[in-house]
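Asker: Here is how the chains run, residue by residue.
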Amino acid sequence: MNELIIEAGRAERQYWRDLWQYRELFYFLAWRDLLVRYKQTVVGIAWSLIRPLLTMLVLTLVFGKFGKMPSGGVPYPILVFCGMLPWQFFATALSESGNSLVTNSNLISKVYFPRLVVPASSVITSLVDFLISAAFLAVLMGFYRFAPSGNIVFLPLFVLLAFFASLGAGLWIAALMVKYRDFRFIVPFVVQFGLYLSPVGFISTVVPEEWRLVYSLNPMVGVIDGFRWCILGGAQVVYWPGVAISLLAVVALMVSGIWYFRRTERTFADVI
Amino acid sequence: MTAITIENISKRYIINHRSDGRDALRHALEAAVRSPLVWLRERRQRASQATEEFWALRGVSFSVEQGDVVGVIGRNGAGKSTLLKILSRITQPTEGRIHLRGRVASLLEVGTGFHQDLTGRENIFLNGSILGMRHSEIREKLDEIVAFSEIEKFLDTPVKRYSSGMYVRLAFSVAAHLEPEILIVDEVLAVGDAQFQSKCLGKMQDVAKGGRTALFVSHNMASVEQLCNRAVLLNRGVVTATGPSRNVIAEYLQNTVSNTQSLISSVVQRSGTGALRLTSVHLEDPSGNPIDYAQSGKDVAVVLGYRCAEGETPRNVDVGISLHASDTTMLSVLYTSYMRRPFQDIPPVGTFRFKLAQLPLKEGQYLIGARVVASGDELDWPQEPVGRLDVISGDFYGTGVKGYEGAAPMLLNGECTVTAS
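Chains as they are written, first to last, in our numbering: chain A, -6 to 265; chain B, 145 to 565.
Note that these hints are calculated values from the structure, not bench results. All values reported here derive from a predicted model rather than from experimental measurement. Some clues are possibly wrong.
The following residues of chain B were derived to be distant from chain A, with all beta-carbon distances above 12 Å [to be verified]:
id, residue
1, R421
2, R484
3, A552
Now the in silico label distances, taken between C-beta atoms and shown as ranges [what the hints assert, rightly or not]:
id, chain 1, residue 1, chain 2, residue 2, range
4, B, L299, A, A1, 42 to 50 Å
5, B, Q260, A, R174, 46 to 54 Å
6, A, A1, B, G211, 23 to 31 Å
7, A, I38, B, G542, 52 to 60 Å
8, A, L241, B, K347, 49 to 57 Å
9, B, E296, A, I265, 32 to 40 Å
10, A, F182, B, D300, 37 to 45 Å
These stretches of chain B come out as covered by chain A in the derived footprint (C-beta under 8 Å, 3 or more residues) [to be verified]:
id, segment
11, 231 to 237
12, 476 to 482
13, 530 to 541
Idealized CB from N, CA, C, for every residue including glycine.
Could you put the whole structure together from the sequences, leaning on the hints where they help?
Answerer: Okay, structure coming up:
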């Protein structure tokens, strides 16, 4: 027999058990978003390729051709695309999960389920786009006859890192957005700036040595460096202390994100 | 066994009087940055000044036995929906404790989470999982759900191309196939056409017979009476009656008479000699109890109080009432003379009691007009409506079917036969 006690002011003990029980909902919400996203579009899923492709072209042109940035002996488009992959994932995941509670407000005010499912499934949706772009990177590397390094076995770890960076930040934004719709305007701004603040169009070695640690507070620095190291291999010198700092930043984002989300979650239905 | 124990549940909402972005981030940040100390000091004051507490529920306690189907009734704003939201864990109570024994499913809206661009089949899976069904469970019941909703042909059409009737049928079908031990339902039977409604009622009755517990909010007294064995009456967030549904419904219809009791004396614009003045109007049930609401299909009496002027003894008195839609369009007029019942003599102070048989009006708000004539002379005719007739839905057809949903105030009852020709 299932017993359930609802009590004023008490965080529900069964929260994490509920989250497990509703695990299928992660899948269903992500599935819905994917199904819906490209309905009534002409080129459909190709959109998830066109965006990073065009950005890659622009960045290659600006940083590689005009800026003459160093590439560490790697074709510049591949270098940029390795940075674009995790960055695009982070950017879409952050905007989608940030908006997710508000766009699903009809669900929030009418049905119970652990609210964490909503932003998390948005991140999962973005992960699918990420995988499609990753396949394209393989094609691009084939075109340049560039073989990936053996470090690629560590790639999943950095994907995981990117996942939690997006989820942690997404939880904050989603919970804040319920009350303060201002974040609807802040997020695109952050994403736009972040593209240039993160080492997407250039390699992070161009950042002066004394600033590397501070620079790595941006969790995406560690993630992007890690991606390049995994795919492009030893030619890319990784600044490991920076990766460690990024890792810590992700853990901090994730822990505080869950804390803030859980704290405000109870009032979502009343405020949204 | 007790399935639901509700102890002392209260829910407080804070109402902001200044809605111009009190919560906006700009306000919070700007104030904090400019003068942190003042901000901290004022924060406390502002909280008390510009906001007001509103208790949607106050100290609500009752329990529900396993297998009971309980109707929660009350006027708009009585706290019914808040109670259901707390029970379904959408919002938290401010005080109190609830103990639920059994798997709970709640249905506060038909088609929650339906997505316009997805097909019927896709929506069944999506909606089912949002309501807490397992993927395997949905797949098992898919055929049943589709058959119940009668949309087989359109299963792979996006629901945005559905008629509203089809949409609602599909949505209800998914929900109807949830099999929780405790079912919480908010006013979802008021959807679809009459035929589908009776089908839904049937499904709800199966729930009851299956020994499952259900909590059901409705404004439709007919379906509450039919479905629920017990009922809880809420009034302004407080439980005012619990017990067998029949008794609680009667209580609901009777309470707070003062609302409809209107004083006609205050109507200034009136024509007539003034030998007699109408003074009050109220509604009564057939046994003479004052009531607040009339119910479709039930007998109701419109009672007009009057007083004759000093020394006047009007003879051959003819009294009439008129019913108007809320925009004052006249719907019907009834004079005692139509029934060949004018009064030869009347007491100097008294009441006229119009008994209306099987009130043929749909739920809604109506207005009452009145006029008194004696031997061809107009005595009193207030130029404004003298009272309100609030009608709630009832079992007009005696079948439990609610009938046509659209704007058609008058109800007809009759028979239909078919013969070969």
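Asker: If you check each hint against the structure, which ones fail?
Answerer: 5, 12, 13
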